Amino acid sequence: MFDSALAINLLTLVITGIFALFIFYLAQQEFIQEAWRRLQQNTSAMICLGIISLYVAVGLADSIVIPIQDGVATRNLTLIDLAFKDTPQEEGYSAPFAQQTYKIRDAKPVKGVHILGTNVLGNDVFKEALKACRTAIIIGGLTCLIAIPIGLILGILAGFYGGWVDDSVQYTYTVVNSIPELLLLVALLLILGQGLPQLCLALGITTWVNLCRQIRAETIKHRERDYVLAARSLGVPDIQTMFRHILPNVMHIVVILFTLRFSGLILSESVLSYIGIGVGADSASWGLMINSARSELAREPAVWWVLIAASGALFGLVLAFNIFGDAVRDALDPKLRTR
Amino acid sequence: MIKIYSTFKKIPWTSIVISALFLITGCSNYPYPRDPLNPDGTQKIIWYQSLEEDPRTLDPQVAYDTVSAQVLFNINEPLLQYNYLKRQSFELQPLLAEGIPQRVPRAGGGETFIVKIKKGIRYSDDPCFVGGKGRELITDDFIYALKRIADPHIKTPTASPVYEPMAAVILGMTEFYETAQKAGTTDYTRAIDGLEKVDNYTLKIHLKSPYPQLKYWMALNFFAPVPAEAVAYYDGLEHDGVRRDQFMFHPVGTGPFKLKQWERNSNLILTRNENYHGATYPSSADPGTPAKLLEDAGKPLPFIDEARFSIIREAIPVWTLFRQGYIDSLGRAARRQGDTIQQVLSNNGSLTEEMTKSGVTLEYVPLLSTDYIAFNMRDSVVGSNKKLRQAISMAYDIDRFIDFFYNGVKLKAESLIPPGIYGYDKDYKNPYRILDVAKAKQLMKEAGYADGIDPKTGTPLTLEVVYQARGPESQREAQYIQEQFSALGIKANIKLVTFAEMLNIYDSGRFQLTRSGWFADYPDPENFLFLFYSKNSGIINTSRYNNPEYDRLFLQMQNMEDSPERLALIQRMRQILDEDCATIYTFHDAYYVLNQGWTEHVLQHPVAFDLLKYYKVDPKLREQKQQEWNQPNYLFVLALAGLLTAAVIPVALSRRDSL
Amino acid sequence: MIEYIIRRVLYTIPTILGVMLLTFVLFFMVTSPENMAKRQLGKNPTPELVNNWLKSHGYDKPRFINLPFDADYKADAPWWDSQFTNHMRSTLLFQFGNSDANGEDIGERIQKGAWPSFLIAFPALVISLIVALSASLIIALYRGSYLDWGGIFICVGLMSIPILVYIIAGQWLLGLILRYFPVFGFADGADSLRFVLLPVVLGVVTALGASVRFYRTVMLDEIGQDYARTARAKGLSERVVLFKHVLKNAMIPVLTAVVADLPLIILGNVLLENFFGIPGLGNLTIVAINEYDFALLRALVFLGSILYVFALLLTDISYTLVDPRVRLN
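Residue numbers (our numbering), protein chains in the order written: chain D, 3 to 341; chain Z, 108 to 766; chain U, 115 to 443.
Simulated from the structure, these hints should not be mistaken for lab results. Heads up, a few of these hints could be off.
As the list claims (entries may be wrong) - In silico BS3-like links for lysine-lysine, alpha-carbon gap of 30 Å or less:
no., chain 1, residue 1, chain 2, residue 2
1, Z, Lys-151, U, Lys-169
2, Z, Lys-642, Z, Lys-311
3, Z, Lys-546, D, Lys-113
4, D, Lys-110, Z, Lys-322
5, Z, Lys-464, D, Lys-87
6, D, Lys-113, D, Lys-87
7, Z, Lys-519, D, Lys-113
8, Z, Lys-602, D, Lys-129
9, Z, Lys-519, Z, Lys-546
10, Z, Lys-546, D, Lys-87
11, Z, Lys-367, U, Lys-226
12, Z, Lys-289, U, Lys-188
13, Z, Lys-552, D, Lys-87
14, Z, Lys-322, Z, Lys-642
15, Z, Lys-151, Z, Lys-223
16, Z, Lys-289, D, Lys-110
17, D, Lys-110, Z, Lys-533
18, Z, Lys-240, Z, Lys-723
19, Z, Lys-289, U, Lys-169
20, U, Lys-362, D, Lys-223
21, Z, Lys-727, Z, Lys-602
22, D, Lys-110, Z, Lys-727
23, Z, Lys-399, Z, Lys-727
24, Z, Lys-723, D, Lys-110
25, D, Lys-87, D, Lys-129
What the hints assert, rightly or not - Label-pair distances were calculated between CB atoms; the ranges are:
no., chain 1, residue 1, chain 2, residue 2, range
26, U, Lys-169, Z, Ser-196, 53 to 61 Å
27, D, Gln-43, U, Phe-208, 27 to 35 Å
28, D, Ile-152, U, Ala-185, 49 to 57 Å
Since this is a predicted model, take the numbers as computed values, not measurements. All residues carry an ideal CB built from backbone N, CA and C; glycine is no exception.
Between the sequences and the hints, there should be enough to build the whole structure, so can you do that?
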């Protein structure tokens, strides 16, 4: 039987692995090394990088599973689960550091300390917010893993060959781009069904377009450069020219767009959760937490800590990515326009 | 360009101008258009309420959800109604009928209901009538309405399971349905044998077998008369080149109100029916009814001129509007709020001081309803394994669920029949609804799933639970179910679906477990026990329960009057059901309603919906309170503008010359 | 010029055809015509009734092309007579048919919803454009100062907050605490101003962060160009250079960015409309999703795409007006 929880843990590790390889590959490139030196001068960017690494570390910690013998059955716990093993489950809502659960009638004493309070099920909100890191990283990471190859390959092909290849690639992305993004996502998710991988696939389908367009434009610039012309006249196969010579020269666009888009993807998840086609009930996610706040805030007195915890955690990651993305762009290509 | 430059120079001023604009334009948070006046110049008395979605339909023969019913019952009246003030034992009163219909036995085992209709009742004025004036109500309208129930071509936005119970008893209904089905169109000139027009004010309904519950059906919207002109006029076809809306958006009835405006997704307004036959506030009530509720006894109804329903899907705006005093009542109209407003209660169960001070009153409304999680009895895993079902039922903790999600408002369900209905036993404890995880684990072992491990695969047993998403809480509820199932080592995959998809799934049976429930049409145990009658498999018998003994007992019990024999049958049926565990009983629905201080005798009713006519508001007090509560606070904007100015000025000054 | 416009209009035709093909494939994958028939026909339709319905709505035809290999081949019909061509024809004529959920005419619902959506989205777009442009000009003028650094930080901060949080906070602060605006409702005519204000303010705030940051980049990019340097060398003050030369040249990327938002003027903002009870098309979208109303959803997708394609066309044409050197090659 296919165990989806295990698969998603594996997926996180695989995504992280691929990104590690990718960064390793980039580190070989001279222009990246140079940009890295420039980036190191930028204190705020380095702080943000630290923050991002922290989030990624939390996400990874939530994907490493340790089997724990619990009576007869074996339970798979992640490192985050283990860290919160001794945090008791309360009877419903409790405010941060509260002594009692939230209900006015038959309020019960709180058994442990919850720095961000507990949610409706009495689970620790801090733990939930941490567990949602993994979801956010998968959404950003997997979507980019789907979108980057499509955008990169189509963009280079279109830019390099021109003619009908270019026309058909341009045509494809104009058509996809013409459909309002939200509606396209809704339609795709109704077809694919609810779930984290499906969500990433759908987001990937709407994300590759922008990348492809920019890569194509950059490739066209390089197509006429001497080194490409020389390689072609020497009879180097096209594939080799494209991936040996042009690819490294457009890589910076991938890096820039990736860092800038990542935050947008995490934000879209929260909107899709609102419409009811988000990651589903199985995974913790900030979008889900923010969404549940819709009714929590309508209580009297309001339950505010779930909203604060989720939007705070989301804000931290997105802000870090945004600032870091800006810095990366400045370091790599100060002139590139992106939104 | 110079222009932009000069405005830029005046930045400190612009922020002041903006704040001044604020003062002039945005000085009110009043959410409605200003109150219009009556033709005679007096102020209209308007009732303000919210609905959580558009009514699905206002076609009386189709509507089958509470939101539609809340609106429809004020426009279309059925033959009978429930006494507004009697809730301990429900009392049917004549509404369009002249007295309670008589029951006469028929040769061959059936019976006949003789329905006398009040004379001189007129429909509200509507363009579908000759000259636009509402005509008199006659027997034909009832016959027409009942034929519509048997019309297979009436489009149903939601499946309404009305036809089947009616066709089972009313003579000739099945034939009418099948002929129309075969022909592809419905011929309304064809008669139904069981519906006999004696004269313009007398209708005889002939039944195949005795069916005492028919009197309750006569208090439901399906028995509301429909003028054939209205359907012909508003059928969605073109008339003189203009496309008209469908009938389901244009109800025409005899009730105290008529539809004035319905802007889908926005609001719906009812206004007084000028031809209303008149009614008076009830003067008899349950013993112990507060005298205040009877103050207006005998006064003519309705008290209000208009009712304005705002369609608000989000919880936050509804709650905000109520606190601002712009909604008169919060509860059934916004059930999700009704579930959470216990938070405004203090330790002794009364309202908090702050709320009491603002005049708000509280009402607790128990409903005749039962919620459950149904197993699909045709499923190869859960359907054939009784021990497994019993184990899951024993391990499912509903008390915490009710506490977490409903603040303890709902009542835990032990069995199918809810309190208020004959056959309910408040001391009964369902052996498989006593929370006992240890025993449940033992049952799991006996069921062949020790520790929740499926021996076929060696991994945890995985079950799919289809759950209707009803708002942001649904995902949390799904997580709760997962937690509960994991206590037995079972992995629950929760599939959240929309209402529309849910109906498809009930209909097709593509599920292992699903949340289901029943809300009484009428206060009779038959209306609950039929949920597990095998012939109702589908939308009614969601779990597709099929037990010949149960079926036999059901048929026996169905048409009996309440008696010790009937009670014995009901108890036997309960025993069979509970032993088979086709469902996990969860709760009997109940909720709180908050009413503003300026409302009077606003009550909810477990089964009746024609309540607007009894409601009364004091518009003067309301206006005074609204003004008191909604004085805009301008200090903040001024402070903000000042702060912005302070932040910009030094830069503007310091950099002006250096550039 | 005329020739260019004609050529450009002709270019949009294949795009529209592509969009229609895509929506056809997408939506006919989600729901089969049999399901649609069952929902339209009421209680337990017989197979004959379903078949009749399919026939009368053209769903008995082959999917794409009427050739003998298709199971639904009709020997007496021409080769092009298929579901797809019918779908194309009706959508191109804006005949969206009836809603799957309640049988209402879709065209009518869209017409009704377009105006409220426009009332929210258009002022929000215009105001945010003006505010963002002026803010980015100021930031560009004071580049390098704490105003620049602080402005960018605020922008990035604004961008990092989900829109739901803005709405919840806005309703709480401006509606409940400060009591300036109604948190819910809509009215026609002059009265609509009250209801539109708060959603518009929120619409502007949510759009501001990303736009200011982007426009600033554009401005800085232009400031570094040769023409700006020349102008400065001529002795023109920084402000004149910025407002006169840079702003004009920056309009092209700005326009491109604005075009992407144009369909929203009609389609509306789903979340804002839902929370504020604006009966626009964004609200309708949610209804369509909740009710699985594919016919309605399909119409909205098509409408949005058409709007986008035409907005794109208009910008391309307006480029040539802003800057005569720009020509499509």
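Verification of the hints:
1. With a CA separation close to 52 Å, the supplied pair Lys-151 of chain Z and Lys-169 of chain U exceeds the 30 Å bound.
2. Restraint check for Lys-642 of chain Z and Lys-311 of chain Z: the C-alpha separation of about 28 Å stays at or below 30 Å, so the hint holds.
3. Annotation: proposed proximity of Lys-546 of chain Z to Lys-113 of chain D holds, straight-line Cα distance about 27 Å (limit 30 Å).
4. The hinted pair formed by Lys-110 of chain D and Lys-322 of chain Z fails the criterion: a straight-line CA distance of about 48 Å is larger than 30 Å.
5. Taking the CA atoms of Lys-464 of chain Z and Lys-87 of chain D, the gap is near 46 Å; set against the 30 Å cutoff, the hint is violated.
6. As the CA atoms of Lys-113 of chain D and Lys-87 of chain D are separated by approximately 13 Å, the hinted pair is consistent with the 30 Å bound.
7. Restraint check for Lys-519 of chain Z and Lys-113 of chain D: the C-alpha separation of about 26 Å stays at or below 30 Å, so the hint holds.
8. For the given pair, Lys-602 of chain Z sits about 24 Å from Lys-129 of chain D by alpha-carbon distance, which is consistent with the 30 Å threshold.
9. Proposed proximity of Lys-519 of chain Z and Lys-546 of chain Z is supported: the alpha carbons are some 20 Å apart, at most 30 Å.
10. Note on Lys-546 of chain Z and Lys-87 of chain D: the hinted pairing holds, with a Cα-Cα distance of about 26 Å set against a maximum of 30 Å.
11. With a C-alpha separation of about 18 Å, the suggested pair Lys-367 of chain Z and Lys-226 of chain U falls inside the 30 Å cut-off, and the hint holds.
12. With a C-alpha separation of about 26 Å, the suggested pairing of Lys-289 of chain Z with Lys-188 of chain U holds against the 30 Å cut-off.
13. Using a Cα cut-off of 30 Å, the hinted pair Lys-552 of chain Z and Lys-87 of chain D holds, with the two alpha carbons roughly 28 Å apart.
14. A C-alpha spacing of about 23 Å is found between Lys-322 of chain Z and Lys-642 of chain Z, which places the hinted pair at or below 30 Å, so the restraint holds.
15. Proposed proximity of Lys-151 of chain Z and Lys-223 of chain Z is contradicted: the alpha carbons are some 36 Å apart, above 30 Å.
16. With a C-alpha separation of about 64 Å, the suggested pair Lys-289 of chain Z and Lys-110 of chain D falls outside the 30 Å cut-off, and the hint is violated.
17. Between Lys-110 of chain D and Lys-533 of chain Z, the direct Cα distance comes to roughly 27 Å. Compliance with the 30 Å bound is thereby established for this hinted pair.
18. With a C-alpha separation of about 28 Å, the suggested pair Lys-240 of chain Z and Lys-723 of chain Z falls inside the 30 Å cut-off, and the hint holds.
19. For the hint linking Lys-289 of chain Z to Lys-169 of chain U, the alpha-carbon distance of about 17 Å falls within 30 Å, and the restraint holds.
20. Restraint check for Lys-362 of chain U and Lys-223 of chain D: the C-alpha separation of about 26 Å stays at or below 30 Å, so the hint holds.
21. Using a Cα cut-off of 30 Å, the hinted pair Lys-727 of chain Z and Lys-602 of chain Z is violated, with the two alpha carbons roughly 50 Å apart.
22. Between Lys-110 of chain D and Lys-727 of chain Z the alpha-carbon distance is near 43 Å, which puts this suggested pair outside the 30 Å criterion.
23. As the CA atoms of Lys-399 of chain Z and Lys-727 of chain Z are separated by approximately 20 Å, the hinted pair is consistent with the 30 Å bound.
24. Simply put, Lys-723 of chain Z and Lys-110 of chain D have alpha-carbon atoms about 40 Å apart, too far for the 30 Å limit, and the pair is violated.
25. Restraint check for Lys-87 of chain D and Lys-129 of chain D: the C-alpha separation of about 10 Å stays at or below 30 Å, so the hint holds.
26. Between Lys-169 of chain U and Ser-196 of chain Z the C-beta distance comes to about 55 Å, which sits within the given range of 53 to 61 Å.
27. Checked against the given bound of 27 to 35 Å, the beta carbons of Gln-43 of chain D and Phe-208 of chain U, roughly 57 Å apart, lie outside it.
28. For the hinted restraint 49 to 57 Å between Ile-152 of chain D and Ala-185 of chain U, the CB-CB distance of approximately 33 Å leaves it violated.
Going through the hint list in order, the structure does not satisfy hints 1, 4, 5, 15, 16, 21, 22, 24, 27 and 28.
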